[in-house]
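Chains A and B, in that order, give the protein sequences. To get our numbering, take the position in the first sequence, counting from 1, and add 4. To get our numbering, take the position in the second sequence, counting from 1, and add 89.
To be clear, the hints were calculated from the coordinates, so they are not data collected in a lab. Keep in mind it's a predicted model, so treat the numbers as computed, not measured. Think of the CB as a built atom: it goes at the ideal place given N, C-alpha and C, for glycine as much as any other residue. Hints may be right or wrong, so weigh each one.
Stated by the list, open to error - Mimicking DSS-like on lysine-lysine, the simulated pairs with C-alpha atoms at most 27 Å apart in a straight line are:
no., chain 1, residue 1, chain 2, residue 2
1, A, K17, A, K42
2, B, K177, A, K194
3, B, K95, A, K253
4, A, K17, B, K95
What the hints assert, rightly or not - For each label pair, taking beta carbons as the anchor points, the in silico distance ranges come out as:
no., chain 1, residue 1, chain 2, residue 2, range
5, B, Q226, A, S39, 19 to 29 Å
6, B, L222, A, D178, 33 to 43 Å
7, B, N135, A, P75, 53 to 63 Å
8, B, I250, A, Q160, 33 to 43 Å
9, B, N276, A, L72, 16 to 26 Å
10, B, L106, A, S39, 53 to 63 Å
11, B, I250, A, E120, 43 to 53 Å
12, A, K253, B, K221, 27 to 37 Å
13, A, K253, B, E164, 24 to 34 Å
14, A, S156, B, A256, 35 to 45 Å
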Amino acid sequence: MLEEENIMALAEKLVFEGLSEEEKEQIQQEILSNSSYKELFEKHVALNMQLLREADERKKIELKELLLDLPPELEEAKVKRFGPMSIVLAVAAAIALLILAYVAFPSQQKNINTAELFAANFEPYYPDNLRSNDSLSRVDSLLKVANGLVRSDQCQEAKLVYDEVLKTGLTIQDQRLRDIPLYQASCLMKIGNYQEALSLLTGVSGGDQEAIIWYRSLALLGLDQVKEAKEFLHQIAQDQSSFYQGQAKELSSILEKSKKSKEGLE
Amino acid sequence: MSEQRKQKEKELMEGLLKSGTEKEQYEQMMFKEYMNIIWKGKHKYNLTEEEAKDAYTDAMLASMKAIRKGSFRGESSLFSYIQSIFFKKCIDQFNRRKTSFDEYEETSMQIPDSSQDVLAKLEVRDKFIQLKLHLNQLGERCKELLLYFAEGYSMEEITSIMGFANARTAASQKYNCKKQLLKLMENSSAK
Numbered sequence: 005m006l007e008e009e010n011i012m013a014l015a016e017k018l019v020f021e022g023l024s025e026e027e028k029e030q031i032q033q034e035i036l037s038n039s040s041y042k043e044l045f046e047k048h049v050a051l052n053m054q055l056l057r058e059a060d061e062r063k064k065i066e067l068k069e070l071l072l073d074l075p076p077e078l079e080e081a082k083v084k085r086f087g088p089m090s091i092v093l094a095v096a097a098a099i100a101l102l103i104l105a106y107v108a109f110p111s112q113q114k115n116i117n118t119a120e121l122f123a124a125n126f127e128p129y130y131p132d133n134l135r136s137n138d139s140l141s142r143v144d145s146l147l148k149v150a151n152g153l154v155r156s157d158q159c160q161e162a163k164l165v166y167d168e169v170l171k172t173g174l175t176i177q178d179q180r181l182r183d184i185p186l187y188q189a190s191c192l193m194k195i196g197n198y199q200e201a202l203s204l205l206t207g208v209s210g211g212d213q214e215a216i217i218w219y220r221s222l223a224l225l226g227l228d229q230v231k232e233a234k235e236f237l238h239q240i241a242q243d244q245s246s247f248y249q250g251q252a253k254e255l256s257s258i259l260e261k262s263k264k265s266k267e268g269l270e
Numbered sequence: 090m091s092e093q094r095k096q097k098e099k100e101l102m103e104g105l106l107k108s109g110t111e112k113e114q115y116e117q118m119m120f121k122e123y124m125n126i127i128w129k130g131k132h133k134y135n136l137t138e139e140e141a142k143d144a145y146t147d148a149m150l151a152s153m154k155a156i157r158k159g160s161f162r163g164e165s166s167l168f169s170y171i172q173s174i175f176f177k178k179c180i181d182q183f184n185r186r187k188t189s190f191d192e193y194e195e196t197s198m199q200i201p202d203s204s205q206d207v208l209a210k211l212e213v214r215d216k217f218i219q220l221k222l223h224l225n226q227l228g229e230r231c232k233e234l235l236l237y238f239a240e241g242y243s244m245e246e247i248t249s250i251m252g253f254a255n256a257r258t259a260a261s262q263k264y265n266c267k268k269q270l271l272k273l274m275e276n277s278s279a280k
């Protein structure tokens with residue numbers, strides 16, 4: 005009875021919390037030397053896994069009921085938010101604003117502290133760690149290493165490993181690899197290499213487009229190219245579905261205020 | 090990230106660490122907070138609406154667990170974290186169209202990383218499949234208790250929700266229910 009309680013507790017820990025090194029050692033010794041322990045332990049693990057699954061299913065049903073409140077998809081703006089028309093309109097609006105700004109306030113950008121604005125708005129676009137188990141393919145293993153390097157800001161080393169991934173025959177169009185330029189660019193921006201980050205983000209067609217545009221605007225800000233950064237910020241600010249809309253609006257407004265305060269001084 | 094958004098994320102994460110109905114309220118709040126990304130996943134990965142909703146629900150469950158277990162350490166914003174999990178779940182949904190879906194594999198992936206190497210040495214798959222049928226043969230109260238436990242409720246919370254005399258009684262009931270479930274499995278294997 006006591007041994008079974010102990011087995012039960014360890015099996016629960018394995019499934020729900022994770023084991024300590026000491027516990028792993030204990031179990032590994034037991035399952036190697038004691039077949040009835042192994043059998044009972046496997047049963048308890050299976051039981052807890054089944055419970056985990058059932059509990060998730062139940063929770064999932066509960067949560068899915070909340071999707072009744074999901075706002076309907078916006079029409080054209082959502083489906084084709086980066087379609088030609090919206091880009092033309094966004095660019096046209098941005099150009100019009102810029103012309104207006106330059107006519108009204110010819111030298112407005114000098115006193116904006118772009119480094120501060122960058123620091124306040126930049127947040128790394130980190131890849132998630134892949135799970136470590138025995139079944140990782142070569143590509144996944146390489147990605148795991150490269151993602152780890154990105155997370156520790158070793159951008160150049162990460163690039164070498166990502167290059168290895170691409171040598172396996174997969175292209176950047178593969179879904180697992182689509183966001184690699186974004187990871188690399190974010191990494192480079194974090195260490196202050198805005199120019200290279202910008203080159204990586206320019207002309208990327210796949211991946212998280214909302215994030216790409218946002219990070220392009222931040223890279224431009226890092227390079228002190230406020231005028232160009234604002235073009236992208238306007239584009240994001242007009243996109244209701246973009247996660248970055250609020251931040252882009254806020255940042256645009258700060259840039260506008262800087263412009264007005266400069267004008268006031270003059 | 091704006092201060093307001095940071096504050097909101099902090100509130101959600103703290104709320105998830107609460108217990109009982111309060112925790113459930115925060116789960117629902119968090120679930121509703123980010124649901125607009127469903128459309129983004131749908132288009133990015135060419136999924137049906139239903140597939141994207143499934144991927145979102147799976148991603149939220151995984152994120153909630155990670156927050157509770159402390160494996161989300163706030164290195165990125167909560168939104169970025171949820172979004173990256175969501176995109177992975179979208180890829181899973183996409184791949185699921187091509188391959189037959191294996192419940193065991195999916196469940197074993199939810200087990201913490203620190204347990205994976207031990208799990209790999211065990212022969213759990215067959216037992217998992219056998220057990221699938223038996224949970225519904227348990228009494229309703231037993232099933233309820235075990236599922237609350239699997240959802241992460243503490244024995245104290247289960248005591249209060251299910252009206253046990255104390256946490257010790259609830260734990261002892263849990264033990265009995267598990268034994269009962271294993272017995273059902275053994276009986277069915279013996280037949």
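Going through the hints against the structure:
For the proposed pair K17 of chain A and K42 of chain A, the alpha carbon gap of about 16 Å is at most 27 Å, so the pair holds. The suggested pairing of K177 of chain B with K194 of chain A holds, with an alpha-carbon distance near 24 Å, which does not exceed 27 Å. Taking the CA atoms of K95 of chain B and K253 of chain A, the gap is about 16 Å. The hint holds against a cut of 27 Å. Under the criterion of a C-alpha separation no larger than 27 Å, the hint pairing K17 of chain A with K95 of chain B is inconsistent with the structure, at around 33 Å.
The given range of 19 to 29 Å is respected by Q226 of chain B and S39 of chain A, whose C-beta atoms sit roughly 28 Å from each other. The given range of 33 to 43 Å is respected by L222 of chain B and D178 of chain A, whose C-beta atoms sit roughly 39 Å from each other. Checked against the hint of 53 to 63 Å, the C-beta distance between N135 of chain B and P75 of chain A comes to roughly 21 Å, which is inconsistent with it. In this structure, I250 of chain B and Q160 of chain A break the distance hint of 33 to 43 Å, their C-beta atoms being roughly 54 Å apart.
At about 42 Å, the beta-carbon gap between N276 of chain B and L72 of chain A misses the expected band of 16 to 26 Å. Taking the beta carbon of each, L106 of chain B and S39 of chain A are about 41 Å apart, not inside 53 to 63 Å as hinted. Between I250 of chain B and E120 of chain A the CB atoms are about 50 Å apart, so this pair conforms to the stated range of 43 to 53 Å. Distance hint check: the CB atoms of K253 of chain A and K221 of chain B are about 50 Å apart, inconsistent with the given range 27 to 37 Å.
At about 26 Å, the beta-carbon gap between K253 of chain A and E164 of chain B stays in the expected band of 24 to 34 Å. The supplied range of 35 to 45 Å is met by S156 of chain A and A256 of chain B, whose beta-carbon atoms lie about 43 Å from each other.
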